[in-house]
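Protein chains in written order, with the working numbering: chain A, 1 to 297; chain B, 1 to 277; chain C, 1 to 443.
Misleading hints may appear alongside valid ones.
[Stated by the list, open to error] What follows is a list of derived Cβ distance ranges for each label pair:
| hint | chain 1 | residue 1 | chain 2 | residue 2 | range |
| --- | --- | --- | --- | --- | --- |
| 1 | A | Val78 | C | Asp170 | 51 to 59 Å |
| 2 | B | Phe14 | C | Lys379 | 53 to 61 Å |
| 3 | C | Leu54 | A | Asn96 | 26 to 34 Å |
[Said to hold, decoys possible] Below are the DSSO-like pairs computed for lysine-lysine, each with C-alpha atoms no more than 30 Å apart in a straight line:
| hint | chain 1 | residue 1 | chain 2 | residue 2 |
| --- | --- | --- | --- | --- |
| 4 | A | Lys245 | C | Lys393 |
| 5 | C | Lys325 | A | Lys262 |
| 6 | A | Lys59 | C | Lys425 |
| 7 | A | Lys59 | C | Lys443 |
| 8 | C | Lys178 | C | Lys393 |
[Unchecked claim] Output of the computed footprint for chain A on chain B, the stretches with three or more beta carbons under 8 Å from beta carbons of chain A:
| hint | stretch |
| --- | --- |
| 9 | 49-62 |
| 10 | 166-173 |
| 11 | 241-255 |
Derived by calculation from the structure, the hints in this document are not laboratory data. The structure displayed is predicted, hence computed values, not measured ones. Every residue gets a Cβ at the ideal spot worked out from N, C-alpha and C, and that includes glycine.
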Amino acid sequence: MIRKFIYSQKTAPYVFVLPFVLVFLVFWIYPLGNSVGMSFQKMTLGQGAQWIGFDNYVKLMGDGVFLKAVTNSFVYMVLTLVILIPFPMLFAVLINNKLMWGREFFKSAFFLPALTSVVVAGTIFRLMFGEMEGSLINSFLSLFGIEPIKFLKGQVTGFIALLALATWRWTGVNMLYFLSGLKNIPEEYYEAASMDGASAFQKFTRITVPLLKPTTLYVVTISIYAGLAMFIESLMLWNGNNSPKNIGLTIVGYLYRQGIEKNEMGYAAAVGIVLLVVALAINLTQLAFTGMFKKED
Amino acid sequence: MRKEISIRIVLFAFFAVLCALVLVPFYAIALGSFKPGKELVRNGLNLSFDLSVMSFDNFVFLFTGNHAYFLWFFNSFLLTIVQVALTLLVSAFVAYGFAAYEFKGKNVLFICVLLIMMVPFEILLLPLYKLTFDLGLMNTFSAIVLPGVANASTIFFFRQYLRGIPNEIITAGRVDGASEYGIYFRLVMPVMKPAFAAMAILNGMHSWNNLLWPFMVLSDSNKYTLPIGLKTLLTPYGNNYDLLIVGSFFSILPIFLLFVGFQKYFIDGMTAGAVKG
Amino acid sequence: MKSKRFMVLAVLSMTLMLWGCGKSSSPSGGETSVLDGGAGENATELSYWTFVELHGKHFETMLQKWNEANPDRQIKLNVTVMPYDDMHNKLSIAVQTGQGAPDIADIEVGKFPDFLKGTPQLETLNDVVEPYKDTIVKSRLDLYSKDGQIYGLPTHVGATVAFYNTEILDQAGVDYTKIKTWEDYKKAGIQVYEKTGKYLGTADTSAVWQSAMMLSQQRKDFTDDAGNPVVNSPELIKGLGILKDLQESNVVSTIAGGQPDTEEAYGEFNNGNYASAMMPLWMMSRFTNYMPDLAGKIAIAPTPVIEEGMPRSYGGGGTGTVVTKTAKDIKLAKDFLAFAKLSLDANIQIWNTLGFDPVNMDVWEMKDVTHNPENQFVKYFKNNPFDVLNEIKDEIQLIKSTPASPTINNVLCTTTLNEIFEDGKDITEALNEAQKQIEQQLK
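For reference, chain A alone in the conformation it holds in the complex (with noise of 0.2 Å):
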């Protein structure tokens, strides 16, 4: 009887998708939830906890530290995506043209920086952009007869570092995946505008990046995340999570100050769901500009 209701067709789509409902409610819904009354409460791990209503957002309004995090986080994402799309995009159109020798190569080298862990990639960043004169970045510059830089200890040569690293690690992958959305414009497109005497300037604004749109987009979704949500990064650029005068200091990183460093839990809670709403609004208008909600099922 149980074997026939579970293979029947109108149930089987539940069955299907049970395990994802599983995990959705026990992993995401439930810590979700608990977060949001975690945040309405001063707690540590272990003891007792009090509900204080507002007092932790009242508290992060006010909160310098925190609202220099949530500039760098912004900052950093907003940057993140004026390099890491365009760029990318024009490499994979360049990479894809027919006359293009080495291409798998230069594919697979490109790919490479983010194969690597973080904690190898932030170490050699950072000492790589160390302040002393041997350090390779110094040491280049001082061919042009430039000082040695502390970039570790400056706001925006900081910030210069850590996108440094994030356009390393990042371009190779953005440029593949719009690669894969290259692929699916069809040839005939770009022979016909030829025929019709179209530069490549014009073949590139009028059908490749119209076309490469969807792609564009979950590209533009999962940087925005990642942006936002970028901690490790900047903690092994800064070995630790105390950069000078917090220049590196990001919405993550506070929240895992507060709530595993100080073990204040309720707070950090609110850092979180902070957090949660900034990037669901920014996601979501992202969304609804691009029309994603019209055309999807």
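Start from chain A and add chains B and C according to the hints.
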């Protein structure tokens, strides 16, 4: 003809320069693995090829020294394989449900999938930590694998891919009297190979390099994965660069091989998959 | 059918395997070694967590001696070494939940206040300290105490001294023994810079050693008597002002890494770019481990002061070892701990192997130990650290460790000191802002 060749040359030169730039850090790691850690402390990381300080010592240490590197490597290896296998199996299973059927609540549920994709996992860090603690799963590999086993982006990807599979396969299967699950396992899954390959790479990459969550959950150093292990070499009481650099060099190998092996499928799979919007 | 069943079975067994090889029997982690130190059958097993391997080695040595001297109360020690942050985080959870905590553990002074919050879940140690009270440097016991109850036993004094690179000083024609005040230091520094182009010292931005030094000289602290932060005190403004003036005269400069105890700074010192460091005595082991080129060149002396007559030192850094309330045999653990950290024997060991200035002052009188020519530290440094220690023994101040201390340290070390020495911000303004931020964080 001449125009073609000059374009080829320009393209190649452009990418060659970029490639050189990208490979600089790797060259630095490679060089660094031949230098003693103290060298790095004294002179910083650079590209100097100084034979007087270079040797195979670090490599010897890696293979014969008293440290846990290969334990970490093994843990990562095991965890990655199990995690990828489980995640792919479960996610594809779920994705089929979305792709092949119409049912009540499907849209709502799928929006939930999208929701997860849009929201940083990190916001769940703390409550998940507490939940893991309460469930008694602290310090287990299950705590690492289970939350991600029905992976949202993977489900999304498979579902998109499955939409491209002709319905005839399914209807034919029903006509032949196969059960719903039989259809899935015997008729549909084999067709998903490129998708599996693509997701194997992405998930494998993520699992191999996963640091934050395992770091929070694992306390037994016998269970440390490679990223955690390497991180423990950086301590406030002195960094063990000898092992760190040469260990990092080695950690790139397996994933690189995986990628090289499955690269073709990655592109093919990605093509037919998620990027169809 | 078969393949499907197999699939399900495979998934199930994989999950089970994960679950199974998951649950760990050892709730701690890190490298665990069981030391029996010659213990017999009836030995009690005690567990000890630390984040410094050398501390573990020290306990191993003391374990042997204990078991020999106490055949009826022998101990087997489970030593677990974990990375710094990790160990403290796990210890914190374990102690608060009362589950999985070790019997004995190291807690670094910076993290100590977190463990004293509310009702400390640690045993008081006053009774086992009693017999040693007169020979132990009192301020080091106060450091790990609350309301008159001692919760942790110190590892060393950490007396702050000046380390001078005599090679550079000789080149500039400077005699370090003549440097008594910051005025003398300034004159010497200007000479050093003119003659050699090197800086005499550092302007620290990522550690508060110098700030604490300036405060303790004026007999003040980062906190008031009640433990409230008061970083914008006139004394600290004055002290940092002196350093700023030195920076502007090219006597001191910021250093890679932000303070002398970082790997970048070791490199700078080793290359002879800075001629002095104002650090606690435990800096000695950094010299021997990381700055081999300076062997035989470094002299130790009391730090310069603002005015002659002011106390010339304070205890910096440190690790307090504690006994948790959930310890298996509390009396045994406490007795062993006192033996391993306060006894004469232990302190001789702490000097010989760890190169720390021991808290048991009787050792300072033992010339054969302190001036042992085979000791690697005696060999490395130009003069003997204990000669200096004995000179300043009554002047070692206490910089309190309070619940506000971690926040104070964090704000000063990440933001304020950088603003002052890197960005040239006005000292009073920077300290006022720091005070505000610290108060906000502690609300």
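For this session: Taking the numbered hints from earlier one at a time, note which ones the structure violates and give those numbers from smallest to largest.
Result: 3, 4, 9 and 10
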